[in-house]
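Asker: From first to last, the protein sequence lines are chains A and B.
If you count the first sequence from 1, you need to add 1 to reach my numbering.
If you count the second sequence from 1, you need to add 23 to reach my numbering.
You may find that some hints are simply not true.
[Said to hold, decoys possible] The following residues of chain A were derived to be distant from chain B, with all beta-carbon distances above 10 angstroms:
hint, residue
1, A18
2, S19
3, N25
4, P41
5, L47
6, I61
7, G63
8, S85
9, T103
[Said to hold, decoys possible] Keeping only pairs whose Cα atoms sit at most 27 angstroms apart, straight-line, the calculated DSS-like set for lysine-lysine is:
hint, chain 1, residue 1, chain 2, residue 2
10, B, K38, A, K101
11, B, K34, A, K72
12, B, K34, B, K85
Derived from the structure by calculation, the hints contain no laboratory data.
All values reported here derive from a predicted model rather than from experimental measurement.
Just so it is clear, CB atoms sit at the ideal spot from N, CA and C, and this is done for glycine as well.
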Amino acid sequence: AQSVSQHNHHVILSEAASLELGCNYSYGGTVNLFWYVQYPGQHLQLLLKYFSGDPLVKGIKGFEAEFIKSKFSFNLRKPSVQWSDTAEYFCALGEAAGNKLTFGGGTRVLVKP
Amino acid sequence: EAGVAQSPRYKIIEKRQSVAFWCNPISGHATLYWYQQILGQGPKLLIQFQNNGVVDDSQLPKDRFSAERLKGVDSTLKIQPAKLEDSAVYLCASSFRTNTEAFFGQGTRLTVV
């Protein structure tokens, strides 16, 4: 069965610091990978996605993620965070064959002004 | 475009009572998901529909949970009878088809007392 692991449950940063959130997955087939974000009081929304092609994908609000197949990883990065990036971030794996979407446990990010 | 609509937003019930949640996906979206998100955890897929057929319900506790999408549009998730451990946010999501981005509703926060 597929699974997604997010290593950090809580991250606290100062504004302008760089952010990297780890995501590792377990699945034997072709995968689609996603990062979703949930801002306080809002619904889950897509940050970025990887289906195929260039393993470095760029999303909204300056976020990017790199798919490293050999490491089963899809880490999220942002060079310089803002207070408005305070949110919970979820990595998700979709089976290419059926798009069953499996989520990791999430990482709460707090950016201090 | 209108998003995924869910109701009610909040529900408090006593254990052993029944409860139903409603979801109206984005128009034209064939795939509909119900997720359960317990506090501090990532969303867990309960059931996935493709039009009005069930694609995956392997994690649905079928002794107490049921879901339907009779006309392939809106969907209802029911819990009968509820247990304390069912306290969670129930998320509905939809996508145009499999292997595309899923859009989430605001969720229904259920508290079982």
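Asker: For I61(A), is the shortest beta carbon distance to chain B beyond 10 angstroms?
Answerer: Holds: least Cβ distance 12 angstroms, greater than 10 angstroms.
Asker: Quick one: work out the minimum CB distance from S85(A) to chain B and report holds if it exceeds 10 angstroms, violated otherwise.
Answerer: Holds, since 20 angstroms exceeds 10 angstroms.
Asker: If we take the beta carbon of L47(A), is the closest beta carbon in chain B still more than 10 angstroms away?
Answerer: 5 angstroms, violated
Asker: Are all beta-carbon distances from T103(A) to chain B longer than 10 angstroms?
Answerer: The claim breaks: T103(A) does not keep its Cβ more than 10 angstroms from every Cβ of chain B (closest is about 7 angstroms).
Asker: Test the statement that P41(A) is away from the interface with chain B: the closest C-beta pair must be farther apart than 10 angstroms.
Answerer: 13 angstroms, holds
Asker: Decide if the proposed pair is consistent with the structure: K34(B) and K72(A), CA atoms, cutoff 27 angstroms inclusive.
Answerer: With Cα atoms ~42 angstroms apart, K34(B) and K72(A) exceed 27 angstroms; violated.
Asker: Should the label of S19(A) as a non-interface residue stand, given a Cβ cut-off of 10 angstroms to chain B?
Answerer: 24 angstroms, holds
Asker: Please verify that the nearest CB of chain B lies beyond 10 angstroms from A18(A)'s CB.
Answerer: Given that every Cβ of chain B is farther than 10 angstroms from that of A18(A), nearest at about 24 angstroms, it holds.
Asker: Examine each Cβ of chain B, and state whether all of them lie more than 10 angstroms from the Cβ of G63(A).
Answerer: Holds: least Cβ distance 19 angstroms, greater than 10 angstroms.
Asker: Could you let me know if the closest chain B CB is still more than 10 angstroms away from the CB of N25(A)?
Answerer: 14 angstroms, holds
Asker: Just to be careful, I want the Cα atoms of K34(B) and K85(B) compared with a cutoff of 27 angstroms; is the pair within it?
Answerer: The hint holds at about 21 angstroms.
Asker: Please work out if K38(B) and K101(A) have their alpha carbons no farther apart than 27 angstroms.
Answerer: 31 angstroms, violated
Hint compliance for this structure: hints 5, 9, 10 and 11 are broken, all remaining hints hold.
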